[in-house]
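Engineer: Modelling step: build the complete structure from the supplied sequences, incorporating the hints.
These protein sequences, in sequence, are chains A and B. So the first sequence is residues 1 to 160, counted in this note's numbering. So the second sequence is residues 1 to 373, counted in this note's numbering.
No false leads were slipped in.
Just a few of them, taken from the derived set where beta-carbon distance is under 7 Å, the chain A residues facing chain B:
#, residue
1, Phe-37
2, Ile-120
3, Gly-151
4, Tyr-154
From the derived model, a few chain B residues whose C-beta atoms are all more than 12 Å from chain A:
#, residue
5, Gly-205
6, Arg-290
7, Thr-300
8, Ser-314
9, Ala-316
10, Ala-346
11, Leu-349
Worth flagging that the hints you see were computed from the coordinates, not collected in a lab. For every residue, glycine included, the Cβ atom is placed at its ideal position computed from N, Cα and C.
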Amino acid sequence: VEFAEFFRAEHKKLVRFLMAIGAGGDDAAEIAQATFFKAFEGWDVIRAPRAWIRRVAVNELTAARRAARRETPRASLPDVPVPVPVPTTLALELTEEARQVLAALRALPPGQRQVMAWIIDGFGASEIARELGVSPDSVRQSYAKARKNLGRFYGRRNKR
Amino acid sequence: MIRRLRDASGVRTSGEAADAAVRRGMADVLAALDNVIDDEAVLGRIHAQFGESVPGAAPDRGAGTAADEAWARIDVLDSATATATAARARRPAASRRRRATRLVAGTAAALAAGAVALAAIGMPGTPHNGAKEPLLTAAYVAKQVDSALSVAEPGEIARMTVTTTGSAAIPGAATTAEEWSYGDQWRSVTYSSAGHPVYDEGRSGSSGYTLVNYQARVWAHGSGLGTPAAPVPPAPGPRGCGPAVAALSWLFQPRPPGPGLSAGAQPSAVASALRAAISCGTLAQAGRQRVHGTEAIELTTRQDSLISETIWVSPATYLPVRVVVRLPGMAALQRTADITWLRPTAQNLANLTVPIPAGFRPVPRTEAAKIVF
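Structural biologist: Here it is, written out as structure tokens:
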């Protein structure tokens, strides 16, 4: 597969994948770009590039979050967790349904959220299990729990 | 895939509504990304990092392809709703893309018109009215801006109206935020695309930080929050061409909607970043253009800069009057911050106070701030 062809097919999906696992729009775009930069560097030796970019992107996101936590606190920093906002430009484009889905995914425990993100991108249980280093049964259980939680989220919303 | 997993888990119906919502919502996210991210620009930058050009032209993928592809591969659709949902995802994406194409064409025409206008107005040192004028170098302008901001900082209120243009979802211009800054006091009102206030937040010396969430009809208050950002420290590296230069865009870039809990940069930080950027060659003088009815000096980033930024400065006061930021990889989208400098009259000072509408209830800050999506 040509890199450019792969990039065009997967770039925005990777941004969306990162947003599904909880990254803000700006961070997701930046991490996706950095990931594709690495993919371009090692393109000749990368096997299964769709899974590879997602694995690397998750690592990049984890590293970025760790780095953010290591920053020296300042007096002006808020004493409450600040939600990651959608960048203005993307926020203007997102439909209400898209916002609600992203919010619902963020409300999931991290493990379930990550499984959902891989599933949304069309990966099978055994592939996800391999990438996350867990058993396929564990993936299925996480998915079942995620669906149940999402169902509750939408059930509550529909009752309002 | 999802159906297979669903069968395995034994949960056949309770999550189906959620599945459908996730499917539609995530297709919408992809369609939104289609509108704000320019793949070719990002791909070009990746190749450029390795000194290569992108092989081949971008294929014409046709309207709605990206959104369709995403879910075509995912076995999450219930067959009964598949056709309707795909059509739903395709129609808005196609119409948005057509609008985006028109906007890009319009922007190109406007840029061409702007270039002609610049030529007519004249470049620095060659005033269009034929009068003799000193040659204004970028360094000279930077020095004057620095002095002007130093004077303006304690004495005047900076009012910034931030608009986003080129959004395919919202044809024309959409006001997104209004900001005021005066000493260590500031206020920022974020509007929805329909023009209704969404968040109103700010910090004043007497009342501390206040946040009003119009969507949730709640407000919160806190002391010790919202302190203005510190000025950029001197940049390390040759000629000081380090982080300060990189920070330039952040100094001017309006914050995204939602509670920020800390103010943007103050004029002193803006001045030091401007000087650093110009001395490093990041900003150069590009000409003159009419802003707010008067001719303004235009400073712009080099074409190879990572972020495209243009700053217009009043030749009368040397204060920035407009800043335009174009985001990397995002086609046709730009943010414009129009800045006016106001005297601290009682009426203008009143704009720094966040009013709490009647009927809104006080809540802990966490609750008021957490509703962003």
